[in-house]
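*Asks:* Protein chains in written order, with our numbering: chain H, 1 to 462; chain E, 1 to 499.
No wet-lab data here; the hints were simulated from the structure. We put the CB at the ideal spot given by N, CA and C, even for glycine. Incorrect hints may appear among the rest.
[To be verified] Chain H is faced by these chain E residues, among others (derived, beta-carbon under 8 Å):
id, residue
1, Leu5
2, Ser9
3, Leu10
4, His61
5, Gly63
6, Arg200
7, Val202
8, Ser204
9, Asn315
[What the hints assert, rightly or not] Some chain H residues judged to face chain E by a derived CB distance under 10 Å, without partners named:
id, residue
10, Pro95
11, Leu360
12, Lys383
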Amino acid sequence: MPRGRRRTEFLMLAFAVAVVLFAYASVGLGLNGKLPAGLITYGLSYAVIVFAAHLAVRWLAPWADPLMLPLAALLNGLGVVMIYRLQQSGRDGNPGNAISTMSTSTTMLQVIWSAVGVVAFVAVLAIIREPRVLQRYTYTLGALGLVLLAIPALLPASMSSVKGAKVWIIIGGFSIQPGEFAKLALAVFFASYLVAKRDVLALAGRRVLGIDLPRGRDLGPVLIVWATSLLILVFETDIGTSALFFGMFVAMLYIATQRTSWLLIGVLLFLGGTYITSMLFGHVGERFTIWLHPFDPQYVNGAVVSSYQLVQGLYGMGVGGILGTGLGHGQPFFTPLVQSDFIVTAFGEELGLTGLMALLLIFGLIVQRGLRAAVAVRDPFAKLLAGGLSFVLALQVFVIVGGVTRLIPLTGITTPFLSQGGSSLISSWVLIALLMRISDTARRPAPQPIQDEGMTQVVRAG
Amino acid sequence: MNRALLRLSLACLAMFVLLLINVNYVQAFESTSLTTKPGNIRIFDQQFQYQRGSIIATGDHTGGGVKIADSRLVKGTSTYRRYYPFGPVFAPVTGYDSIYGATGIEGAEDKELAGTDQRLAVHNIVSLFTGKPRLGATVFLTISPKAQQAAYQALKAQSVKDNGLPSAVVAIDPSTGAILALASYPTFNPNAYTTFSGTRLVKSDNRYRHEKSQPLLNRAINATYPPGSTFKVVTSATWLSGNAGRSPQSTVPAPPALKLPNGNLLHNDAGETCGNGNPPLIQAFYVSCNTAFGSLGIKVGARALLNQASLFGLNSSKLAIPLPVSASRYPLEPDPSLRALSAIGQLDDQVTPLQEAMFAATIANGGTLMTPYLVQNIQAPDLRNIQSASPTGTVLSKPVSSQVASEIGQMMFQVTHNQGGTAFATANPQVAGVDISGKTGTAENGVNNAGLNDAVFTCFAPSANPKIAVGVIVQGGGFGADAAAPIAVKIIQAYLGRK
């Protein structure tokens, strides 16, 4: 008889809260030698938010994986702490320069977004009691995903563009990144669509040069997604999101059909598309130039093609070294927009290689727990969805962390749970909710069959 | 589908492994090369976010010494700015610390002062956990604030009197080599270099750089001048060491004019006679006869004179105190006629004021030359010493025996105590309040001696129990006894607390 392990979750969560509060206190001590003024209020709100999530899980998903919520809460908390640290830089007499792209209410806002994220998390658990419920809305969600993606491309720049990235919907000072939600909607659509079509996709086709090629009409959806992601890339200057969608779809296609040919076709299509667009559109090519020659003086201070942000991030990580400067002791404020895409470099600078590796392992653990749920669950739709969501989380971490650490060309996407901004945070919580719902389904014991009283009874000892 | 999921898990694992390897590469292996990249604004800025260590002059052995450079929090910010409380007085010692670089002790001990030295690493890891800001180490110097102040004031007064003549002086504790004063005039105000504004910094730097009087030049260790008659100390040492039978009482030929092998005549100053024309060495020394030492120079031979000069510290460019010291030069002179000139400190002889002080210090210390040094010790913020000078000093060389040293000491004593001595008028015990032993020099200068004579003086005091050795050069100052000796006297008085 499996156990729900909610007690484990509670203890792990308490540990996560303790780590976050310690980090928060450490920021204050590091900056000006005093405990931060908001230690009680922010600390308490954070604890209330995550323990509320825990209670909701006890009620709504008692069999869910016990690690996911503490891990997500830890990441969310550390992200808020780092945003607080960055916001305080150069303000209230603290050392460093003030970051002009942040205001004194940024942390407060991020705490509010965290609360909204947890509300969304609870709502998803409450509304979607079984993963298969989602299958009813296959095409609705597919259309919703494409529309969300397309809106920024269609809106005028004043309502969709921030610093060259045309991925926003801005209405009256309030901005959301629809791509973050499109990602989830399309994951559900893909899972649902592929479960329905996987037999045709897997079995029909011709064998050419040892590779099983699918039928032309089965290629249709793949080509549509490919074209869509290329369009995002071109119109929204967003190679990262495009890579994310494409990677997610190819991975799910592979899980559904188990055919390596899909992987090959997918990767070739993506590389080809990227190559062509980099030839046609300057901004894609620039990313490669910066990646290869970041320290070239003409790019470090380049007016048009600039590697300044990347180089500052690398300098920060270099200064951090193995143990880091300590929270509040570094100079992450030199990296432009460090609170969003480059937040991991701030962690690298102040918590060092040690802290950054710990963060990567936390992400890795969430992905691993998600894939575990995918393997364990029986329903093919849930399996596919869990696999796709876990993979897209891993891919997103890979693309952004790899980008800012110069493993791959830099593409601006958010770091799940850590980056400043509501859309990313809420969608990350929803992603965790979906994974926990699936793991709850996987681990929930099957209902006991009603036994004939007259026949042999199984008597358990203990 | 589970097989595909497992393969996908491996792909996820591979992505995380790649990320982990890459962050290890960036933060562990590339960390140093990233932090030392030119243009790394973090490092550039960091040095002013932390409190740099102070520089303290301890040569007077009173209490904790005198702070001559420290970093102070700029009001309303978290930035530290370097401050030199005495302005130009200690400038040739401390140098400056600016956003574009550092000179002097600030440059030589930069890592220690900034707290980036390896030996401070343990302390900084501890501070990392205790949350204390990083501090630099404190550098304690051998400089005596009293002697340094006197040196600066004396050089300045001399310069004002003589229309801005450049001059420099070094004072050493002869028994250890500890440098007590090191001054050069005209000099600069290091506070002009502590601004955070690059444009202001460049402006004041340019002003100093283009000034004709070269205020940034540290003449005490980085400019050389002809030693003139002070070089007779070396010539005497060579001759006395050459034969145990020779003493200051041995007579030496000293005609009014010496006919050199090449036919030229070497005259005494103003064509004076020298005693009876065959005086004892000691008399030739205190009245400073050129002909006597010219002929001794010819007699002792080129190699012996060169070796003796090198033992006194000339011809070496390795000395660092820790500021690098320019080499003083005495080239091998095989031609006897030219050697006669080089033996009286003319021709190609060139010495730093520090070298002048080293002449007297050697004699004062019984013939043993101690390595001159400025840094007494360096103390980590936790008060642990990370570097200390040996309390007894380190021997640089043994130029002469103690016997010869004491003989030259007697001769130098006569320079200031005998009525016929060249420095009797300006450095006798009544004037100075202390027994000083010294040797004057008036070095002819320029092409065909067209330039003004440089005034030189090397001395130590008190004669019986030497505590301080001083070397002074006043460029174009004229007679060494008139221009240079009074400067040395003032420093000695200040250091010994006389008068």
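*Asks:* Could you run down the list of hints and mark each one as holding or not?
*Replies:* Hint check:
1. Leu5: Leu5 (chain E) check passes; min Cβ-Cβ to chain H is 5 Å, inside 8 Å.
2. Ser9: Holds, because the Cβ-Cβ distance from Ser9 (chain E) to chain H comes to roughly 5 Å (cut-off 8 Å).
3. Leu10: violated, 10 Å
4. His61: violated, 36 Å
5. Gly63: Cβ of Gly63 (chain E) sits 30 Å from chain H, so the hint is violated.
6. Arg200: violated, 20 Å
7. Val202: Violated, because the Cβ-Cβ distance from Val202 (chain E) to chain H comes to roughly 19 Å (cut-off 8 Å).
8. Ser204: violated, 25 Å
9. Asn315: violated, 44 Å
10. Pro95: holds, 4 Å
11. Leu360: OK, holds: Leu360 (chain H) within 10 Å of chain E, min 6 Å.
12. Lys383: The hint holds - Lys383 (chain H) has a Cβ within 10 Å of chain E, the shortest such distance being about 6 Å.
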